[in-house]
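Q: Using the hints, position chain G against chain D.
2 protein chains.
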Amino acid sequence: MDKFEELKWELQGSEYYDAELILFDKRIDKRKNPRTQKVLDRLVLESVDWVNIVALDPKNRSLMVRQFRFGVGYVTLETPGGMVDPGEQSLDSAKRELLEETGFASDEWSYLGAVEPNPAFHNHLCHHWLAQNIYKKGAQLLGEGEAIQIEFLSQKEITAAVQGGELKHALALSALSRVFNLWDEKV
Amino acid sequence: MDKFEELKWELQGSEYYDAELILFDKRIDKRKNPRTQKVLDRLVLESVDWVNIVALDPKNRSLMVRQFRFGVGYVTLETPGGMVDPGEQSLDSAKRELLEETGFASDEWSYLGAVEPNPAFHNHLCHHWLAQNIYKKGAQLLGEGEAIQIEFLSQKEITAAVQGGELKHALALSALSRVFNLWDEKV
Numbered sequence: 008m009d010k011f012e013e014l015k016w017e018l019q020g021s022e023y024y025d026a027e028l029i030l031f032d033k034r035i036d037k038r039k040n041p042r043t044q045k046v047l048d049r050l051v052l053e054s055v056d057w058v059n060i061v062a063l064d065p066k067n068r069s070l071m072v073r074q075f076r077f078g079v080g081y082v083t084l085e086t087p088g089g090m091v092d093p094g095e096q097s098l099d100s101a102k103r104e105l106l107e108e109t110g111f112a113s114d115e116w117s118y119l120g121a122v123e124p125n126p127a128f129h130n131h132l133c134h135h136w137l138a139q140n141i142y143k144k145g146a147q148l149l150g151e152g153e154a155i156q157i158e159f160l161s162q163k164e165i166t167a168a169v170q171g172g173e174l175k176h177a178l179a180l181s182a183l184s185r186v187f188n189l190w191d192e193k194v
Numbered sequence: 008m009d010k011f012e013e014l015k016w017e018l019q020g021s022e023y024y025d026a027e028l029i030l031f032d033k034r035i036d037k038r039k040n041p042r043t044q045k046v047l048d049r050l051v052l053e054s055v056d057w058v059n060i061v062a063l064d065p066k067n068r069s070l071m072v073r074q075f076r077f078g079v080g081y082v083t084l085e086t087p088g089g090m091v092d093p094g095e096q097s098l099d100s101a102k103r104e105l106l107e108e109t110g111f112a113s114d115e116w117s118y119l120g121a122v123e124p125n126p127a128f129h130n131h132l133c134h135h136w137l138a139q140n141i142y143k144k145g146a147q148l149l150g151e152g153e154a155i156q157i158e159f160l161s162q163k164e165i166t167a168a169v170q171g172g173e174l175k176h177a178l179a180l181s182a183l184s185r186v187f188n189l190w191d192e193k194v
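Respectively, the protein sequence lines represent chains D and G. Read in order, the letters of the first sequence are residues 8 to 194 in the numbering used here. Read in order, the letters of the second sequence are residues 8 to 194 in the numbering used here.
Bound-form chain D, shown alone:
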């Protein structure tokens, strides 16, 4: 990114706050605007990386999860996923989260790439994984912060849920869009 050096905001200092954010560590960086030279406080919510999984059964139906989401305050339809534990590889996190949230496993994993959930204030990436020919391995192993139902949806049902607005979690859509064509081209 050196070719955009003139856009870089030079770091003038960082400070951590005890903000009890549960999921994040709050950091405030002092950054100098390269356009105005003015120094501003900028928020960073630090966390580990995340993973989510497009998990397909032998019929290419996608294993989805429904759970109450605290930000929006309603039950969402999503792909399985979670956080990468410190020191863990994202593939191992994907295998662990799929098994814990759904009881399913796979022997066929492909990396679909990573996205920045929001580079404006998050420092983490979300890694997308594809699991094919999944099979039932055990029971759900849910944490105390989880209550999850699982459901298999065909590509047609996924597309209908996306286009109808029932499935609108940006990171789930991001993963699914690398496997299925969810939208018709507009131009």
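The hints are simulated quantities; they were obtained by calculation from the structure and are not laboratory data.
One copy or two, it doesn't matter: identical chains are merged, so the pair holds either way.
Below, in silico cross-link-like pairs of lysine to any residue (SDA-like), each with a Cα-Cα straight-line distance of 20 Å or less:
#, residue 1, residue 2
1, Lys163, Trp190
2, Lys15, Gln156
3, Lys15, Arg73
4, Lys39, Ile155
5, Lys15, Ile155
6, Lys163, Asp191
7, Lys39, Gln156
A: Leaving out everything else, chain G in the frame of chain D:
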């Protein structure tokens, strides 16, 4: 969402904290897990909705922005966008942000739908808008927190930037994926 009533975490109380999060108001809800009946503190980062824009010139090249992003600490390639001011309609926000960030305007706007940036802890939506046949209207009007360069990319260049990992802002990808086919189907 009444059919998933059994997944709902009943609200036991909410409290606001002065956490100086700049972009957000921090709220902690006490929610009762329907599976275990245990009450837990859950984080909500409240904010207004956001918008972003796929802005196409008469040749269907996409007007993109480059800026230093404080979360990741490097210069990103994204669609123009920003926050919906209180009381503002998202279309008006889209028109305003496009003009402020790039100096361009359009008379042809179409709504592409909304996504949840992260329903686990955000309460807001990001609204995607398509602007076609954009034209230069004035100079950039940047805020003190902004330093932005603009750039036109063809669909081929967008796809290369996405598949090569240069463009990986989840919300920009979400908007672009509703206009262009960015990925080949995997299954």
